[in-house]
Amino acid sequence: MQTFDLEAQDLRALNTALHAQAETLSQANWEVVNAKGSHAIAVGLDAPIEVTVKGSTGYYCAGMNSQAKVHVHGSAGPGVAENMMSGTVIVEGDASQYAGATGHGGLLVIKGNASSRCGISMKGIDIVVHGNIGHMSAFMAQSGNLVVLGDAGDALGDSLYEARLFVRGSVKSLGADCIEKEMRPEHLEILADLLERAGADAKPEEFKRYGSARKLYNFDVDNASAY
Amino acid sequence: MKDQTIDTLPRTEPIQSATFSNSVNAEIRRAAHTGIYDIRGGGAKRRVPHFDDLLFLGASISRYPLEGYRETCETRVTLGTRYAKTPIELDIPVTIAGMSFGALSGPAKEALGRGASAAGTSTTTGDGGMTEEERGHSSKLVYQYLPSRYGMNPRDLRRADAIEIVVGQGAKPGGGGMLLGQKISDRVAGMRNLPTGIDQRSACRHPDWTGPDDLEIKILEIREITGWKVPIYVKIGGTRPYYDTTLAIKAGADVVVLDGMQGGTAATQDVFIEHVGLPTLACIRPAVQALQDQGLHREVQLVVSGGIRTGADVAKAIALGADAVAIGTAALVALGDNDPKWEAEYQKMGTTTGAYDDWHEGRDPAGITTQDPELMARFDPIEGGRRLKNYLKVLTLEAQTIARACGHNHLHNLEPEDLCALTMEAAAMARVPLAGTDWWPGKAGF
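As you go down the protein sequences, you meet chains S and A in turn.
Heads up: the first sequence is residues 0 to 226, going by numbering that gives the first Met the number 0.
Heads up: the second sequence is residues 0 to 445, going by numbering that gives the first Met the number 0.
Watch out, some of these pointers could steer you wrong.
What the hints assert, rightly or not - Mimicking DSS-like on lysine-lysine, the simulated pairs with C-alpha atoms at most 27 Å apart in a straight line are:
1. S:Lys-68 with A:Lys-228
2. S:Lys-180 with S:Lys-214
3. S:Lys-35 with S:Lys-68
4. S:Lys-171 with S:Lys-202
5. S:Lys-180 with S:Lys-207
6. A:Lys-249 with S:Lys-35
These are calculated hints, taken from the structure and not from any lab test.
Note that this is a predicted model, so its numbers are computed, not measured.
Go ahead and model the full structure; you've got the sequences and the hints to work with.
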C-alpha cells in the first residue's frame, strides 16, 4: 500500500503516479489522504489497481476510469466516474449530480443517495444506488443498467434509449417515452448479479423495471407534444 | 368607356410582395402540407455582412510592399502555446473544421485527413468519435469533446493532437443535433452505442457540466487525463463573442474556436440556421478585444470559422486578429460536394447544383455526406485528398499575395489598419474605416 497525501503533493503528481501503473505495474494498492474535495482525483486510470480515497472528493473523481477499482470513503462531487470504460468505483457516501454520466462500462456503486441526472446519457455502465436518486436521472440513457434501492425523482428515464432501469421504491414521475416494463427472468438474473456485486441487501423481486417505449426513436411530427 | 371590356382596360402591373415573396410562399405551402419545419445542412444562406464587404488598402508611399515571387511571407502558426507541452505546429493557418463520421462517409473523412496532412494542417473529428481512417491519415488530428460523448474514450483522447471542447457552433448556437436514422449504418450505430436505423440526438448541453466554473474543472480533468500534453480548444458559436471568449479564457482554454452563422452543420432546422447567431464578421473584433483585455491575444490563439472561401477571407480574418481559420463547407465543395457533374441527380431530388443541402437524408450524389455504400463508392478519397490539398494551397497563396501587397512578411502581421469597409454595417462590425474615410460607427471621438 502506498499512501499519497494531497496536502503534501499536488494533483498532478498523484495522477502521474497512478498513470505510470499503466506502463509498469509497480504498486497495486494506493491510498489517497487529505482529499478535501479536490477535483479530478484518480482520473484516466488504466491499470488493475485499487485506489482508496479517504475523505470526500470534488468533481470527476475516477473520470474515464478503465480497469481500476476506486473506493471513496466519503461523498463524491459532480460527475463521479463520468465516462467510465471499465473497473469499479464505490462511493460510501452520497454522490452529487451526473454520477456515472456517459459511462461506457464498469460498475459504479453509491452507498448513499445520488443527486439529479444520475446515469445521464449512460452508454453501457452499470450503476447501483443504495439510496434515492434525483430528477432527470438516466436522461437519454443509451445502454447499461441503473439500479435504485430507494426512490427516483421526477422525469426518470426521459428520452431513454436501450438502458434498463430498476427501481425498488417509488418513482415520482417518468420522463418522455419511459414506461414500466415486464420483469422477465433474464432481468431478475441481471438484477441479482448487480445487487450481489454492489453489496446491496435487496431482493430482485422487490423491483420494478422501466425502459423505453421506443416511440420517439424516429422523429415524427405527431410526437412533437412529447418533447 | 362602356364599349371597352374589362380585358382591354389598362391594368396595374402584377407586383410581387417583397415580404411574401415566391420563396416565402413556397415555404408556407410546404409547411402547410407537411406539418414539419424544414431541416437542412449547411450554414446561413441569407446575405449578411461578410468579408466581401472589406477591402485591403495595399501598400504605396506610406508602406512599401514585398516582392510577390521573391520575398518570403511566412504562414506557419502554432496553436496551444498557453499550457500544452506539445502545441500544434501548422504550416498554414487554415484548418479543417469538425465534421462527424456519420454525417460524412469514412472515405470522405479519409480524404480530409489526406488533404490536410499534405498541406501541413490539421483536421478535426466530430460527433460520433474518431475513426481509424481519420486518425491514420491525419498528421494532426483535433478530437472533439461534444455533449453527446458518442464514441468518447480515453484511448482516443490520448492519441489526439489536440482536444476541442465543443460548447456550440455557428449554424445553431444553443442547439443540439439530430442524425436521422437513414444515415445510421451498423458501423455508425456501433460507434455511438445505439441501435441501427434510429435517429441519434446530439444534446445541446454537456451532460456533466454547466457554466464557466464547471468548464474550468472539466478542462482540468481532461488535462490530467492527457498529462497536460495537448492543447485544449474551446469552440463557441457566435452569439456573445466578447463574454464567451472571456469565459473560455478564464476557464483555461489554450485556443478559442469561434464559429459564425455562415458555418455549416450536417442538419438542423432552417429557421435556426437563418435566425440565430451572429455573422462571422461581427464576431471577430469582440473576441479579439476579449483576448486583448485579458492580455492574452496571440498567447491564447483564436481560430475563426464560418464562411471562409478564399485566401482573401483568410487574410481578412487574420487581419482582424484571428490566428488561424477553419473551413468546413468549402472543404466539402473542394472534395466534390455540389459539383455540376451531378446536376441530373440534383434535379431529380428537386434541387440544383450549389443549392443541394439535404445532407441529412443520406442521398448525396457525390458520395460525401452519405453512408450508402453505392453512393460512397463514387467518391475516391485519394483524389479527394489531392483536390483538398490543392485548394488549401491556393487559399494560402492568395492570402500571401495580399499580405505581401500590404508589406507584410508574415500573415500574422496583417492588421486592421490594412482594411477598409464598403458598407456602414461592415465598418461597424469590423471596426475599420468606411472606405475613403477615417471613421466607423462607434469609433471614439466621433
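Given the hinted pair S:Lys-171 and S:Lys-202, is their Cα-Cα distance within 27 Å? holds, 22 Å
Holds or violated: S:Lys-180 to S:Lys-207, with C-alpha atoms at most 27 Å apart: holds, 8 Å
Decide if the proposed pair is consistent with the structure: A:Lys-249 and S:Lys-35, CA atoms, cutoff 27 Å inclusive. At roughly 24 Å apart (the allowed maximum being 27 Å), S:Lys-35 and A:Lys-249 satisfy the hint.
Starting from S:Lys-180, check that the Cα of S:Lys-214 is at most 27 Å away, please. Answer holds: S:Lys-180 to S:Lys-214 is near 14 Å, not above 27 Å.
So if I understand the rule, the pair passes when the alpha-carbon distance is 27 Å or less; does S:Lys-35 with S:Lys-68 pass? Holds: S:Lys-35 and S:Lys-68 sit about 20 Å apart, inside 27 Å.
Starting from S:Lys-68, check that the Cα of A:Lys-228 is at most 27 Å away, please. holds, 26 Å
Checked against the numbered hints listed earlier, the structure breaks none of them; every hint is satisfied.
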